[in-house]
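S.K.: Residue numbers (the working numbering), protein chains in the order written: chain A, 1 to 348; chain B, 1001 to 1326.
Honestly, the hints are just simulated from the structure, not real lab data. Backbone N, C-alpha and C define an ideal beta-carbon position, used for all residues, glycine too. Each statement offered as a hint is correct.
If you want a taste of the chain A side facing chain B, the calculated C-beta under 8 angstroms gives, among others:
1. Y83
2. P144
3. G146
4. V149
5. Y155
6. V344
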Amino acid sequence: MATPTASANGATAVLDAPSHAPDPAGDAELNRALLRSMLLQRRFEERTAEAYAIGKIGGFCHLYIGQEAVSAGAMSVLRPDDYVITTYRDHGQALARGISARAVMAELFGRSGGVVGGKGGSMHLFDARTNFLGGHGIVGAHVPLGTGVAYAIKYRGGDQVCVCFMGDSVPNTGAFHEALNMAGLWKLPAVYVIENNRYGMGTAVDRASSIRDMYRRGDAYGIPNAECDGQDVFAVRAAMREAVDRARTEKVPTLLEVLTYRFMGHSMSDAVSGTYRSKAELDEELKRDPIVQLRARMQERGQIDDAGVQALDDEAKAEVQDAWDFADASPEPGPDALHDHVLVDTTS
Amino acid sequence: MPVLTYRDALGQALREEMQRDDRVFLLGEEVAEYNGAYKVSKGLLQEFGPMRVVDTPITELGFAGLGVGAAMVGLRPIVEFMTWNFALLALDQVVNSAAKTLYMSNGQFNVPIVFRGPNGTALQLAAQHSQAWESWLAHIPGLKVVAPGTPYDAKGLLKAAIRDDNPVCVLEGEMLYNTKGEVPDDDYVVPLGKADLKREGDHATIVTHGKMVLVAMQAADQLAKEGLRVDVVDLRTVRPMDTEAVYASVRKTNRCVVVEEGWELCGVGAQVVDYVQRDCFDHLDAPVLRVHQADVPMPYAKQIEKLAKPDVPKTIAAVKKVLYLE
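Let's have the full structure, built from the sequences with the hints guiding it.
M.R.: Spelled out as structure tokens, the structure:
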């Protein structure tokens, strides 16, 4: 167990411990659920790109394709009463947290049936029912918010955890530094997850960060830290389980760097491979598709066959079609929606 | 009725609200062991302990954001900025997180938070520590902006702010902390969004808020010696603005001067002028004039600092001008 003052070496040892090796067999039902979640995210966003292309979705739209193992693995170790806060690349995480595909798609369509009634769109998904606290669009700014949620948990003496997802640009911001310093200082039950997909918009990590191993920044704040393979859902689960348990039982935060890759561009304004990365690199990464890897491992173990995979995929596609139909049929927000929820009506 | 300083009136509000509601906590630089840079939070650490009276690192963006996150899940944080000058570092959290979360989440998450601290010009603190920010904050939908001018209002408005379910910015007059006034021991609130007629007259209206209430009252005293009686309308809350109170006075006096500490362009006074010309045009006997800070960063040297600030003589001159006496 790494102590809060662990050195980089001490902290990385967390993942070398045998108990955190990727789950060798797994539970067939759980694995099916993980595969189902990842397929749903993938099929959902493929249709999202299609809807964007024909103008049903506007504004900024950042796809998560390629990173599904991170959301599926991370959410699978959380309790319903834990909290999640995230960035503008939030569709996959919202689905993995259990927000309905209908409500997410309708939000992207800007309809009243959307999870925030068409007020937020792609970047601002919020859902009180699942303690999903957004959907924030300013790089790094939600990290202090997640830290405040963790402070509130500690204030009340609860045993929930706040998981704060962020992209690889965030550790370079002042907000990250300020927030992690307080989390380390006050021992707050937070798990900070850097999804290192190698590019902050079109700038490669090594052109933006003074260190490559971002998890090591935890050392600066006395926060245990580790990295894991984000294309392997079992590795994500193992690392997250350790971090969440630590937050829940020992009341210590963790900084986890998850090495992943986005198969699409930064946003819909960006070509699939972009000018900033090579086609060869993308092709190489596509070989490590997290869905293909999980499927292969389940098949090796005899937990699913081709027909089973096909059935799950058909289910996911049907759910997305249903979401699309629901979104299309959902009314536009009426004029009343323009002015509501600016302030809570209070009588003080 | 007990006479208290503005500082102690604010402290009393904090103590009473923390006693009343255990979700309320205070965080900021030096609020605990140091008793507050301006001593507003004196004694609170001893009474409420370090989880509820929290000394933070010098990181405005970070601790303001921490407060917003805590508020989103049901606590009621009071974030003290050592001065609003430093709050610029935290403005992203005030604007993009606190003010917008209710709207972005379609009403699912409200942010019951108070941001408070000294605001406005002080004495020889030069450009970075002597300025007034209410027009910046009042520009933002989703915020309430309060500027108490007296100890009575300070206690009542702060208590109302803490009980409000929205983000409220409380701009305390940096030069008002030692001013004294009657402050009831009772649990009273001054409702947000209601102006106060601080003085009655019929020759002209002065619209003001915050520290400039004192300047307007002094100007009114001196004008009275010359037989000129003015209404002093204290907005108390800059956003939402109690326009009806302004209109009622202007429709009575037909002349209006707006006094504020901020700069001219896009100032609070500019908004008051717009409302008045829109809704009281037929009642006006003179153009509305404004008294405000000179259009420069605040200088250090005493003589030119005085030139930069709105004050009693400038206010008197403006009132006489709308009366065509000068």
